[in-house]
Amino acid sequence: MPREAEPSLNEKQFVIQALQENLRLDGRELDQYRPLELTFGDQYGVADVTLGNTRILAKATAEVTVPYADRPLDGIFTIATELSPMTSPAFEVNRPTETEVLLSRLLEKTVRRSGALDTESLCLVAGQKCWSVRVDVHALSHDGNLTDAACLAVVAALRHFRKPDTSMEGGRLTVYTPAEREPVPLSWLHSPFCVTWSFFGDEGELAVLDATWLEEQVRVGSCTISLNKHGEICQIAKLGGTPVDAVALLQCTNVALTKVKEFSDLVDQKLAEDLKRRDKGGFMAELRAENDR
Amino acid sequence: MTATTAPEAALGVLPRSDGSAKYSHAGYTVTASVNGPIEAQRRDEHAYEAHVDVVVRPAAGVGGTRERHLESLLQSSLSQLILVKNFPRSLIQIVLQVEDSPENDYVNTKLVQASLNLAIMPALVQTAVLALLSAGVPMRATATATAIAIARQDGAQRIIVDPSPREIETGRSVHVLAFTSHGGLLLAESEGDFTVREWDEVYETARAICCRSAPAKDGMAMLLDDEATGGPDMRHFLRSTMESKVVADLHWK
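So the protein sequences, as listed, match chains R and W. The first sequence begins at 1 in this note's numbering and counts up by one. The second sequence begins at 1001 in this note's numbering and counts up by one.
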């Protein structure tokens, strides 16, 4: 497979010098995101996130399986990230690159380990049957900042998702098809989002939000902060790179919180719009299994 | 949800690949990217022709045997269309990402399914052809495809164009046919119980959908025509999509 072309020395210096003069190639502020768009598919659990030229599609699915032997009371929740040659011809099928491994680990830490989805609620029969919820993340186009876009897509897809309704009667488990009963949402506890800072300059003194692919190639370090809108930090990852001043990092965390609040509002608003679009009312509304309580 | 009757397509949706297309029809939505001709790996390199690499990625779960089968069908059909002899020792890479496929509300689907999903084939072929056109890969001809099911209803057999998953489940056989723009049969895959006469009928219906010579009719006449043959005019659709893209691209002139 062909290697991704690196930016030339001139290009690199141009980007860095512009950043030192507080200018970015696309005319954004240093702490400004590219235009963020979120759309939901016709099916439940499909979220499409566009961040500038970066585009991520996430799809959530659920099926009934046997729980792990060491966790009989928990359901299974997995996030699958696979970068295809569609993202860039440099990625190969079935051969994970470093980008892919780091992305899936970050998503795992942010969404799964922070307990955003209540896995105990996925248990159907202790030790025998449980739901296995799976989110597939497809990177359609990569123009920097895959992490933030992917995290937003995963959270939006899971919050949009509905799993088939079930009932237990005398030890007999029934899974209802969508035609029989309206599917039910997952038990969702909080929505964590990732905010990635990129550092430039010899000392890493320039902090920039939402780096494009070109900027990602010339940065000296990066730090991903995951938190929810209440300011609860789920994880901070600074993997190598130039050391950064601790006080500057604190400042970064504060800005990250305001960005996360914006993301959270955006997802809430889009979900509400989608619900309104789907709500047919009338007879179907009366047949719904869930009620306002 | 509701399946759209008219096909929809957008070209050049992915900014970083050589060519791309998004196509949705009959509940299926597929995005394709084409990169090529690019450097081939040693194991894929042919001395006299380009290697056509097709990757089909399902919306959920990892690709298994059924995706590999679809890939092999597509690979052999598309190699016939692309002028592979023009690019020796190189690679033309086509990635097809399924975004949405219609669901059967009467069953809970399993994630990994071994059974062949023929109904998705037309969407894959159409998207791949549109993406190849968008990438400017030289081709011998373009192609159009359609899926047709035969169902028995009240003793009489009925031909269903673009069947839903429910109709495929209850029907007797499913057929996928693709035609080149010269009218030649490119691909014919069938599954289920059918007779030679039924297949002939399917062939005629598919040919009418895929190879209708573009009539110079407008507005109402076209609408009536669509209803009469019971299917969209795929060749005209392909042409009008390309034309509108070219007009948009040459807007500056």
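A couple of the hints might just be wrong.
[As the list claims (entries may be wrong)] Quick partial rundown of chain W residues pointing at chain R, CB under 10 Å, derived from the structure:
| hint | residue |
| --- | --- |
| 1 | S1017 |
| 2 | A1032 |
| 3 | T1065 |
| 4 | S1101 |
| 5 | P1165 |
Calculated from the structure, these hints are not laboratory results. For clarity, every value in this text was computed on a predicted model and none was experimentally measured. Virtual Cβ for every residue (Gly too), placed ideally from N, Cα, C.
A quick look at each hint next to the structure:
1. A distance limit of 10 Å between C-beta atoms decides the matter here; for S1017 of chain W the minimum to chain R is near 7 Å, and the interface restraint holds.
2. Restraint check, A1032 of chain W versus chain R: the minimum CB separation of about 8 Å is within 10 Å; hint holds.
3. Among the interface hints, the one on T1065 of chain W is violated; its C-beta lies about 14 Å from the nearest C-beta in chain R, farther than the 10 Å criterion.
4. With a least beta-carbon distance of about 9 Å to chain R, the hint placing S1101 of chain W at the interface is held under the 10 Å criterion.
5. Checking P1165 of chain W against chain R by beta carbon gives a least distance of about 12 Å; that is not within 10 Å, so the hint is violated.
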